Amino acid sequence: MVGGTLGTASVCQTIQSPTPAVARPLRCPRSRRQTRGRGSAKDAATISFFGKYVLECLCPLLEIPMKKLLLTLGASAFAALSFASVNVNLDHEYWDGTPGSSVTIFGTITLTPGWDIDIVEVEFPSNGTDSLVGGFHPDLIAYLLPVTSATYSGALFTIDIPATATPGLYDASSFFPTNSSRAEFGVQATRASDNAKAGDYENFGINVQAVPEPGSLAALGLGAAAFLRRRKRA
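Positions in the sequence shown are counted from 1; adding 1204 to them yields this note's numbering.
Since the hints were derived computationally from the structure, they do not count as laboratory data.
Just so you know, not all the hints are guaranteed correct.
Claimed, not checked - Straight-line Cα separation of at most 25 Å, SDA-like style, residue types lysine to any residue; simulated pairs:
| hint | residue 1 | residue 2 |
| --- | --- | --- |
| 1 | K1401 | N1291 |
| 2 | K1401 | T1370 |
| 3 | K1401 | Y1347 |
To be verified - Label pairs and their computed distance ranges (CB to CB):
| hint | residue 1 | residue 2 | range |
| --- | --- | --- | --- |
| 4 | A1367 | T1314 | 17 to 25 Å |
| 5 | G1372 | G1318 | 37 to 45 Å |
| 6 | H1296 | V1351 | 27 to 35 Å |
| 7 | D1398 | S1305 | 29 to 37 Å |
| 8 | A1288 | V1351 | 35 to 43 Å |
| 9 | P1350 | P1416 | 29 to 37 Å |
| 10 | V1415 | T1352 | 18 to 26 Å |
| 11 | N1293 | P1342 | 19 to 27 Å |
The structure displayed is predicted, hence computed values, not measured ones.
Cβ atoms here follow ideal geometry from the backbone N, Cα and C, with glycine treated the same way.
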């Protein structure tokens, strides 16, 4: 995919708002530390957002060594750069799930020796009306803790599907369209020798499948039993 760099001012996690969609600023109450040269973490976490979700700043909790940032909602922007030093591949482009379940997204992050990841972001998918949310997988967070150029292959993040989710495809950019109109997972890495930046991303989507009604399941079971009986008699 097209590579690039990411830019942001805070480390945040999404939470569901119990109130109707409104614009609401949210300030981080926990820290006034400088955040990547863009003012205090408190100021950086002042975000106004129109939609069903608000941002809760978890700066002290999610900021890990080497100023590595874990971002959600795709609150970032890629600039076109070569991604030869950083490569992201998801195991699948589309993933299936049902209302009331969670979908874990797996993939691989490959780095050239001498490069280390400093930003990871995921933009949650939408069907154009409603958006799904989730969080980073603990295995990915553990991989990011040390300075390393090792390849990572495994669970990246999880998407939660509420029980009230409307069946259908969720692959549109949720809140902050960056590289495309589709949801994405991306990383940015820095080369230690000259502080060069490079990044890569992959688009993804969640196919929310309707759960069959109990009556439909019973009919399906009877049909399968009848099919087996016919095969046995034959």
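Checklist entry - Holds or violated: 18 to 26 Å for the Cβ distance of V1415 and T1352? => result 41 Å, violated
Could you grab the alpha-carbon distance between K1401 and T1370 and see if it respects the 25 Å cut-off? It is violated: about 39 Å lies between the C-alpha atoms, which goes past 25 Å.
Against the range 35 to 43 Å, how does the distance between the Cβ atoms of A1288 and V1351 compare: consistent or not?
Cβ of A1288 to Cβ of V1351: about 20 Å, so the range 35 to 43 Å is violated.
(Q) Tell me if the beta carbons of H1296 and V1351 are separated by a distance inside 27 to 35 Å. (A) 30 Å, holds
Check: Has the hinted range 17 to 25 Å been met by the Cβ atoms of A1367 and T1314?
Finding: Roughly 37 Å apart at Cβ, these two residues miss the hinted range, so it is violated.
task: Assess, step by step, whether the Cα of K1401 is no farther than 25 Å from the Cα of N1291, and give holds or violated.
output: 13 Å, holds
- Task: Measure nothing beyond the straight line between the CA atoms of K1401 and Y1347; if it is 25 Å or shorter, mark the hint as holding.
- Result: 20 Å, holds
| query | So does P1350 sit 29 to 37 Å from P1416, Cβ to Cβ? | reply | 46 Å, violated
Problem - Beta-carbon spacing of D1398 to S1305 - inside the hinted bounds 29 to 37 Å or not - result: With a Cβ separation near 45 Å, D1398 and S1305 fall outside 29 to 37 Å, so the hint is violated.
Quiz item: Holds or violated: 37 to 45 Å for the Cβ distance of G1372 and G1318?
Solution: 44 Å, holds
_I want to verify a distance hint. Is the separation of the beta carbons of N1293 and P1342 within 19 to 27 Å?_
Check passed, 21 Å falls within 19 to 27 Å.
Consistency note: the structure conflicts with the earlier hints numbered 2, 4, 7, 8, 9, 10.
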